[in-house]
Amino acid sequence: MMTMTILNLLFLTILINIAKADHGNQYHQIGVKPLGCWIRDQQNKPAISSFEKQNPHVMDSYWLRTDPVMACAKAAAAEGFNVFAVSNRGYSRGGLPMGGECFTSCSAAKDFAQYGKWKARCAEGTGGLLSMDVYSLDVTTHLGCIKNSLRGYAIPDMEGSHTALFGQPHHREHAIEKCAAVARSKGYTVFGITKGGRCLASGDAYKRYTALSSSSGSGINCEEGKGSEHSISVHLIVGITEFDQEPINNSGRRRNNVARRQRNRE
16 MMTMTILNLL
26 FLTILINIAK
36 ADHGNQYHQI
46 GVKPLGCWIR
56 DQQNKPAISS
66 FEKQNPHVMD
76 SYWLRTDPVM
86 ACAKAAAAEG
96 FNVFAVSNRG
106 YSRGGLPMGG
116 ECFTSCSAAK
126 DFAQYGKWKA
136 RCAEGTGGLL
146 SMDVYSLDVT
156 THLGCIKNSL
166 RGYAIPDMEG
176 SHTALFGQPH
186 HREHAIEKCA
196 AVARSKGYTV
206 FGITKGGRCL
216 ASGDAYKRYT
226 ALSSSSGSGI
236 NCEEGKGSEH
246 SISVHLIVGI
256 TEFDQEPINN
266 SGRRRNNVAR
276 RQRNRE
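Numbering (our numbering), first residue to last: 16 to 281.
Quick caveat, the hints were computed from the structure, so don't treat them as lab data.
Built from N, CA and C at the ideal position, the CB exists for glycine as well.
Be a bit skeptical, because a hint or two may be false.
[Unchecked claim] If you anchor each label on the Cβ, the simulated ranges turn out as follows:
| # | residue 1 | residue 2 | range |
| --- | --- | --- | --- |
| 1 | PRO71 | GLY51 | 48 to 56 Å |
| 2 | GLY51 | LYS201 | 19 to 27 Å |
| 3 | GLY182 | HIS157 | 20 to 28 Å |
| 4 | ASP82 | GLY218 | 33 to 41 Å |
[As the list claims (entries may be wrong)] Within a straight-line C-alpha distance of at most 27 Å, the following computed DSS-like cross-link-like pairs (lysine-lysine) qualify:
| # | residue 1 | residue 2 |
| --- | --- | --- |
| 5 | LYS125 | LYS48 |
| 6 | LYS48 | LYS134 |
| 7 | LYS60 | LYS125 |
| 8 | LYS162 | LYS60 |
| 9 | LYS125 | LYS68 |
| 10 | LYS48 | LYS68 |
| 11 | LYS201 | LYS48 |
Can you build the whole structure from these sequences, using the hints too?
Put into structure tokens, the structure is as follows:
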């Protein structure tokens, strides 16, 4: 009986570790990267403001949230914030870790480290009562649509170059986020989506976009940022390195500033 109990506990531990690995890979594929465990607040003043109940993705009770990192990532991305944190881990009745409060703001990239690193480890990637796990997020802004070239794609095809881009593109979940993550891993800041999910990117993608955008016209259908059979939806990646010294509220100003930096590089 004792042997069976030990085996059951070992099997449960293996399942939990597999689930953690799957989650980590899932987060990485959509551009979510851990920045470590940090002190959450001092004298009841949090380094980053709580974002609970301010976005549809974080309207539920965070104590019962089954995937708090993904929920907070979606809330931050919806607001155009590129750094977020999770803290206050809860527990289910079975004792397994669940839940986590979402913290993010337009200045989170600048503010999260102000109280220093937490000396102990955070719990399961969702912080603790006095600590928070901080993550960066590839935030994208839509630049516009261009026509596909009759001789091929106007921006080079990235399909099959990474495990995140295997399978049928038009059936791919989080197609925009996965393409952004792969593009950024190659050092690219501009990428395109066509045919409902196919990933296109290159070092000169912005130059290709500007060369074609003036001649493409304004009546192109981009199908919710994923292009179409004859068009490419072009996106710009706004990462933590673009924002750590430049917290900005206005998304229009952010897009113009980053686009200007991209033009200067080229």
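Hey, LYS125 versus LYS68, does the alpha-carbon distance stay inside 27 Å? holds (23 Å)
With 48 to 56 Å as the target window, see if PRO71 and GLY51 comply at their CB atoms. Roughly 28 Å apart at Cβ, these two residues miss the hinted range, so it is violated.
For the range 33 to 41 Å, tell me whether the beta carbons of ASP82 and GLY218 fit it or not. The hinted range 33 to 41 Å holds for ASP82 and GLY218, with Cβ atoms some 34 Å apart.
Is it true that the CA of LYS162 sits at most 27 Å from the CA of LYS60? violated (50 Å)
Straight-line Cα separation of LYS125 and LYS48 no greater than 27 Å? Holds, at about 16 Å.
What's the verdict on LYS60 and LYS125, does the C-alpha distance respect the 27 Å limit or exceed it? Holds - the C-alpha atoms of LYS125 and LYS60 are around 15 Å apart, at most 27 Å.
Holds or violated: the 20 to 28 Å window for the beta-carbon distance between GLY182 and HIS157? holds (24 Å)
Please verify whether LYS201 and LYS48 have alpha carbons no more than 27 Å apart. holds (15 Å)
Would the hint linking LYS48 and LYS68 be met if the CA-CA limit is 27 Å? holds (24 Å)
With a cut-off of 27 Å on the C-alpha distance, tell me whether LYS48 and LYS134 pass. holds (20 Å)
Satisfaction of the hinted span 19 to 27 Å by the C-beta atoms belonging to GLY51 and LYS201: Holds - the Cβ-Cβ distance for GLY51 and LYS201, about 25 Å, lies within 19 to 27 Å.
Checked against the numbered hints given earlier, this structure breaks hints 1 and 8; the rest are met.
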